[in-house]
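J.: Numbering of the sequence shown is given in UniProt numbering, commencing with residue 1 and proceeding in unit increments.
Everything labelled a hint here was simulated from the structure, so no lab data went into it.
Distance condition first, Cα-Cα at most 25 Å in a straight line; then the derived SDA-like pairs of lysine to any residue:
{"hint": "1", "residue 1": "K73", "residue 2": "R126"}
{"hint": "2", "residue 1": "K103", "residue 2": "H3"}
{"hint": "3", "residue 1": "K99", "residue 2": "I55"}
{"hint": "4", "residue 1": "K159", "residue 2": "Q560"}
{"hint": "5", "residue 1": "K244", "residue 2": "S409"}
{"hint": "6", "residue 1": "K115", "residue 2": "P358"}
{"hint": "7", "residue 1": "K18", "residue 2": "N116"}
{"hint": "8", "residue 1": "K545", "residue 2": "D523"}
{"hint": "9", "residue 1": "K633", "residue 2": "E574"}
{"hint": "10", "residue 1": "K53", "residue 2": "I63"}
{"hint": "11", "residue 1": "K53", "residue 2": "M130"}
{"hint": "12", "residue 1": "K245", "residue 2": "G398"}
{"hint": "13", "residue 1": "K541", "residue 2": "R126"}
{"hint": "14", "residue 1": "K104", "residue 2": "H33"}
{"hint": "15", "residue 1": "K631", "residue 2": "G498"}
{"hint": "16", "residue 1": "K18", "residue 2": "N124"}
{"hint": "17", "residue 1": "K657", "residue 2": "E614"}
{"hint": "18", "residue 1": "K633", "residue 2": "D183"}
{"hint": "19", "residue 1": "K378", "residue 2": "P358"}
What follows is a set of in silico ranges between Cβ atoms, one per label pair, in the way DEER data are often shown:
{"hint": "20", "residue 1": "A400", "residue 2": "K496", "range": "49 to 55 Å"}
{"hint": "21", "residue 1": "V575", "residue 2": "N644", "range": "21 to 27 Å"}
{"hint": "22", "residue 1": "A400", "residue 2": "K634", "range": "50 to 56 Å"}
Positions of the beta carbon are idealized from the N, C-alpha and C atoms, including for glycine.
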Amino acid sequence: MAHYLVIVESPAKVKTIKKFLGSNYTVTASQGHVRDLPKSQLGIDVDNDYEPKYITIRGKGDILATLRKEAKKSDKVFLATDPDREGEAISWHLATALKLDEKKMRRITFNEITKNAVKASLKNPRDIDMNLVDAQQARRELDRMVGYKISPLLWAKVKRGLSAGRVQSVTLRIIADREAEIDAFIPEEYWSLEAVLKVKGERRPLTAKFYGTEKEKMTIHSKKEMDEILKALENAEFQITDIKKSERIRKAPLPFTTSTLQQEAAKALNFGTQKTMRIAQQLYEGVDIKGSGTVGIITYLRTDSTRISDEADAAARGYIGSVYGAEYVAAGNQIKNDGKKIQDAHEAIRPTDISRTPAAIKESLTRDQFRLYQLIWKRFTASRMQPARYETTAVKIGAAGYCFTVATSKVAFDGFRCVYTEAEEEKEESNVLVGNLSMDSVLTREEFEPKQHFTQPPAHYTEASLVKTLEELGIGRPSTYAPTISLILGRRYVTKEGKNLYMTEIGEVVNNMMKQSFPSIVDVHFTANMEGLLDMVEEGKVPWKEVIRNFYPDLDEAVQKAEKELESVKIEDEVTDVVCEECGRNMVIKYGPHGKFLACPGFPECRNTKPYLEKIGVPCPICGKDVVIRKTKKGRRYYGCENNPECEFMSWQKPSKEKCPQCGGYMVEKGNKLVCADEQCGYVTSLKKEQDHA
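Just need the whole structure built from these sequences, with the hints factored in.
T.: This is the structure we're talking about:
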């Protein structure tokens, strides 16, 4: 009887797949990559047309030896690694390392780990797709060149252990640019006005919002403008001028891609990107379900396609029709088309069997597995359902030439919303009273509610909004978002407080250095263009070495130039006048994971350290002592009084010596402007040039 060997990546899949195949199949795992570029050197032969020098990964020798034995005993070897570039490259490395005979080696892929999918893949084996392998080799070499050429510069100029990366450096820059935007943001005052109206014959009052004049929308900028409007409205009659009834449709959402799953899990479940991917991997590889054994319950988790297979689509429609009714089944098929290249080898992320409801398998899943599976199941089910329909009523109310509006909407048909609502969906305004209004309704004013507001700066990035931005800009691929974010957090270039991401001091140093010496590497368009080239390699349109030949010489030149020109960030052993109370030496400034700190130069005999409080030459606006740069526990910078905790002064923006000429309060620097710290005052002036250089 013929004997077959199936090699997968992860041991978790072995258990699931073994169950589907007969006794003449051996299923075993490579446990990820088996060969890679060496850690101790660049590993790319620059003089020999950038030939990679692959070596067996340390610790993988025994695994390869076992696989070789199994391969010799087998009549055919099926390479069943993940269905993407990375998986294709692992299969190629396995074929090379195991010296597999081409005649007895075949590549199989499946998008879900179910009996049908695995059996179908064995009936349709293929050769290794070298275009996919080459796209991965090109990415690996590009990343290695950036990392190994630039990181040593950071070690020499800043501190050991720092790293630069092709995608991570751009991601860092995106966060830094947003921080700069927030720091330079100057709030602008505006006002809102609501009129509380009594409707004759109704007990409850009606609240209408100020819109503007009868012809156009108007923004109220100041109290003066507000007072003028209120004066004009003082004795005005309020009359309904228009009632418009219409229907609004809310389309069903598309099923999840890697990026949208990461974003929604962050908002709805408060999962970090890494956690989402880890749990999704468990659901994909196989969960022990009571009564079914170990089975993969979602499809492959790294995808940027919203396509669904015909079988899954038909099963979903059948399920929805029988459970919710025929009127809930979607008429056509939604297709996302934003003109972008999509790696459409995969489907969207969906349950492998829609009849396996979250409630039915809850006992077999951990709490986090259940919550993520429920999110995926609901989103996929909703994507095959009818839109939700709302009846809306919009009313315009006139008074003294001004216009107020009030609107309401009620659900006419809930459609997909009986299954799924998004985490940040706006609450529907439901004002029953509006439906009872007619053109003849008599209104009398009870009171006005004017409110002062200030425009808000752009929001800090969260993991979810950063993933969305990376996807929109075409930076990285579904598989790279989570590792990139984990890396910049792990290196402490960025810190996370609540859900928000903030730059740390060390992140700013690395970003400024990259922008100064390697502008193209941290250029968003350059990086997105590189992703486009890798896609063309995958399609067989561009030879992979061509991409490397065009990239490396420019990088090498920039590195040599940077080595000569870059000034060291003077942080190593800068002696201060602070005396170590333990041994009497003058303490020196060192760089730690969160930035600068004071250390005794007598290390290791004396291990005394202290926070380094850098004075900025500005007296504290409250007590007159020095303002120093401080950091939160997680490394985010702020300005505080050296006399803390006795004095509670703190500011996220750098305070200035100058007092506000309008109110006498202290001013802060925002970009190239000096702004009064009191928003109510609102005084703004340009920052003097000499202060820029100070």
